[in-house]
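Chemist: Here the protein sequences come in this chain order: A and B. So for the first sequence, numbering that gives the first Met the number 0 puts the first residue at 0; every next one is plus one. So for the second sequence, numbering that gives the first Met the number 0 puts the first residue at 0; every next one is plus one.
Wrong hints could be hidden among the right ones.
Treat identical chains as interchangeable: a pair holds within one or across any two.
Calculated lysine-lysine pairs in the BS3-like style (CA-CA distance at most 27 Å, straight line) [what the hints assert, rightly or not]:
id, residue 1, residue 2
1, 445, 546
2, 445, 208
3, 445, 25
4, 309, 445
Derived from the structure by calculation, the hints contain no laboratory data.
There are 2 protein chains.
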Amino acid sequence: MAVKSAKMTESTSLKQYLPFLAWLPKYRREDLTGDVIAGVIVAVMLVPQGMAYALLAGMPPETGLYASIVPLIIYGLLGTSRVLAVGPTAMVSLLIAAGIGSLNPASTAEYMQYALIMALQVAIIQMLMGLLHVGFLVNFLSHPVLSGFTSAAAIIIGVGQVKHVLGYDVPRFEHFYEQVGFLFTNITHTNLTTLIIGLCAIGVLLAFKYPLATWMKAHLPEFIAVPLSKLGPLVVVVAGVIVVARFGLAQAAGVGIVGDVPGGLPQVAAPPFNFAMWQAVFPTAIAISLVGYMESISVAKALASKKRQKIDPDQELIALGAANIGAAFTGAFPVTGGLSRTVVNDTAGARTGMASIFTAILVALTVMFLTPLFFYLPSAVLAAIIIVAVAKLFDWHAFIHAWRYNRADGLSLLVTFGAVLAAGIEAGILIGAAVSMGLYLYRTSKPHTAVIGRIPGTEHFRNVKRHDVETCSEVLLFRVDESLYFPNVTYLELQLLELVADNPEIEHVVLVCSAVNYIDVSALEVLERLMSELRSSGVTFYMAEVKGPVMDRLRQVGFIDHLGGDRVFLSTQRAYEYLKAATG
Amino acid sequence: MAVKSAKMTESTSLKQYLPFLAWLPKYRREDLTGDVIAGVIVAVMLVPQGMAYALLAGMPPETGLYASIVPLIIYGLLGTSRVLAVGPTAMVSLLIAAGIGSLNPASTAEYMQYALIMALQVAIIQMLMGLLHVGFLVNFLSHPVLSGFTSAAAIIIGVGQVKHVLGYDVPRFEHFYEQVGFLFTNITHTNLTTLIIGLCAIGVLLAFKYPLATWMKAHLPEFIAVPLSKLGPLVVVVAGVIVVARFGLAQAAGVGIVGDVPGGLPQVAAPPFNFAMWQAVFPTAIAISLVGYMESISVAKALASKKRQKIDPDQELIALGAANIGAAFTGAFPVTGGLSRTVVNDTAGARTGMASIFTAILVALTVMFLTPLFFYLPSAVLAAIIIVAVAKLFDWHAFIHAWRYNRADGLSLLVTFGAVLAAGIEAGILIGAAVSMGLYLYRTSKPHTAVIGRIPGTEHFRNVKRHDVETCSEVLLFRVDESLYFPNVTYLELQLLELVADNPEIEHVVLVCSAVNYIDVSALEVLERLMSELRSSGVTFYMAEVKGPVMDRLRQVGFIDHLGGDRVFLSTQRAYEYLKAATG
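Turn these sequences into a full structure, and let the hints steer you where they fit.
Modeler: This is the structure:
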């Protein structure tokens, strides 16, 4: 079998950096149908979501539509995923709001400038990560950390929208708990009409999400049912506008509305260059670059593997970065690939990046001609859309699962969750990441070890504590189930020396290395020391089942010569037979 | 064979915390001879060293003698090592000088108060570490980091003493390179007489260290030769005093002398309690606790194993902590076990902690009656003692060794070395530790993997790239040589999916887990995802050679049920035979 190498291609051909060169020349009519239908359906989802996520980011609603035009065209041409739907997302908008909010901008204009700078920085960071092949860095955020972060973010986002549903204003607070406190103490200021509109919108959205979606899936083909079940946001937006406009609720009942949404395509302009501002948004830009990339790559990978297509993680970073350049120069804010929109795009039949381009064209038409329709759109409806969208991100099953599987993972999740709520988003992620890496290092610092013996009549060696095995009192067979490196090797040395001190009949010690993938230089020093410590107490040291690459390395630095080449056995069986005969 | 457990005893008997209860009642006359001789020889070494290390720490010389009385008695009673010689050491004195120096104390009295507070904090930290069983934390400082730190510290200490040999004063500088610069630009201020005394002292010390020691080892029994070869410091001290006093060099040639050393035993007094001062010295106290413990435990372990004795690392922390309480209450400064003194103590025949107590008595007698003799002791002689003692700590072989063995270890060493010189001692250690852990995590994030096949006619499976093996194009056998956890699992998923995308004939994928010691919850999620990604592209996922503890965990969370219990094979051989037959 000639298995092709799993290593990524080193070719730097034009097609690698401009993936559309591969699919556009071969574009067929069959592709067009799927792409057009998917493009339309995603646009219908994206218009209300875009405005809602703009408000969540603290930006004017039209910027959410701007973020859904040029970035989509750029990603459509440069992305390696055929179906990823780029645009504003809840998580990134939350990071934008938290990051810029903490800078206390003096005006909306300044706020928007920060958002543009942020988009450009995200673009630069993501493109650099792609060109330098360091996208793997996101893997250092473990699942429990991400899960704890996502659940906490869902709570922060959801609670942040409650004010729109209750209909009274809540100032910006440094701490999350202060915001919750303010919400509760001012509950009497609730605007009842707004609350009813908000709750109705939530009800309709939930109805679309669960009973209706189930019914449609049972009675309609999937490619119709899935997109139809995503029309909830459009329905509540249209209904909200009609109800508020028809009954004059904005004036009569003080229902908060979106108001004037400027029409027309966004102006193309460069983000301002101001060193202090660039410095101020940089930490948030890093967080958005990583979180946005992760959100995007995971859904892109899942859908690509379904069709045995390939995703190039480095090119994905470049494409997302380029899309963010588009956002930065067209008055928008940072974007990334959204989970649910991408699934809809895929199910509705998107075949190529053209689907994204069709979506962008429809959003552009909306901005050009339909913005007056949004005047009476109640903020409570947009808040309802956000709340329902993020509710599913709060995942307490993940905690139970992680905790049951392993205390360290459960702890990482819980610490991240608590830290994000208590210390803020970026500090929370950092704390969580540090804790998860610390716990991993701690775990490998006390590895599983076993004194082993032979299962009678076989060549298998097992733990003396778990199995009924045959041993020889002069020969200690000691197996370590971990690579040998600095945090654990002193612990192992101590264990071995204690075993030898407690069992004076031992003459030979065999370190069984079947699970040792690596020996670092600290471990090498300790092995040298252990060898001479054992020698000075009259015990000889041997090794068995040393893996090829480890053996090469040990031989190269002269350790094997020092140990004595005949003191390394290929198998535990040979070591046991030989030493038993020698002492017998 | 009834191998006694390597686990430390859980008994909290009095003998565990007061080890002298075990040996004192059984004390015999034979022990006495060895202990007295060793006690005397160590005292002869310790008097000049104690004064020299006090000056290195920035303290008056008599405090170095105080540090060699009560702490030794306490350690002698509480330590689990029979031969560890506690007292002032170069490394700890350097940390004291750097830590207190950076606080710019207004007077010598304030400087000494800081030292007392530091000793008490070290005592508290070490005792807490012992009681909480967290001594293993020091293992997170890898050999390369320690080695880089030690070499850099040796340079800083040595260069710091050069001024005493040249005979002109150098003010305290923030940065090491400024100090070097000042030394060079003021080289014309050298006091020639002082320089000659210093160089002669260095010459005599080196002569004792190398040619004389070699000669004595060849012609005298070891227990005489080793202690005799350590008399160099005593010889240069006596000679220095005689020469300077006889020729009036202090007055006539301006040779720097120790001057008046107050006689009499130290006063017992509590260190001052001042919150600001306590806070200021805390970071240094942490560094001293860890570095001091490490210095101590490594030599104690090495000597104990020679006699198949045991060291209890937690009780060692408690004993060192208690010794530092002694230091804090008797006008001294932080102490720890010294490497060369301990070796001398052991070789000279020390049998129990009584040797330490005899040393303490002799130092006490020195303080009471002999201090007037040190009036004319030239500082250049003490500096020479320090320079010769630390010169061997600079270890460039360690760098070459680490670099040759493995680039990551070499890099850790180099970064620590540079960071200690450039950014200071504590920051340097922290940077080094972070780099070494980061490099470890990076390494495990891109583990070695192999597509494997069967060596014809055997049950052995090996890498298809290295061996001529038999494979089946529908069955992919994929081996991962690392535990599966968050930094590496996405990388592995990508590799597997690319292999499957590139080789459409694959129908079965077997993940061979012979080197997988652990699967964390992030990896579990990815395995679940991988399973369904493969399923959606028509490929079935299997596992083989899953270890017992890993299997238990996977079964417990239902992963095995989900995968299908018949999809886990005990051996690669069985998986291969079965799947080959199924596709054949």
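Chemist: For residue 445 vs residue 208, is the C-alpha pair at or below 27 Å within one copy, between two copies, both, or neither?
Modeler: neither (48 Å within a copy, 40 Å between copies)
Chemist: Could you place residue 445 and residue 25 in one of the four classes (within, between, both, neither) given a Cα distance threshold of 27 Å?
Modeler: This pair counts as neither: shortest intra-copy Cα distance 57 Å, inter-copy 36 Å.
Chemist: Is it within, between, both, or neither for residue 309 and residue 445, if the alpha carbons may be no more than 27 Å apart?
Modeler: For residue 309 and residue 445, only the inter-copy Cα distance (20 Å) is at most 27 Å; the intra-copy one is 39 Å.
Chemist: One pair to classify: residue 445 and residue 546, alpha carbons no more than 27 Å apart. Within, between, both, or neither?
Modeler: both (22 Å within a copy, 18 Å between copies)
Of the numbered hints listed earlier, those contradicted by the structure are 2, 3.
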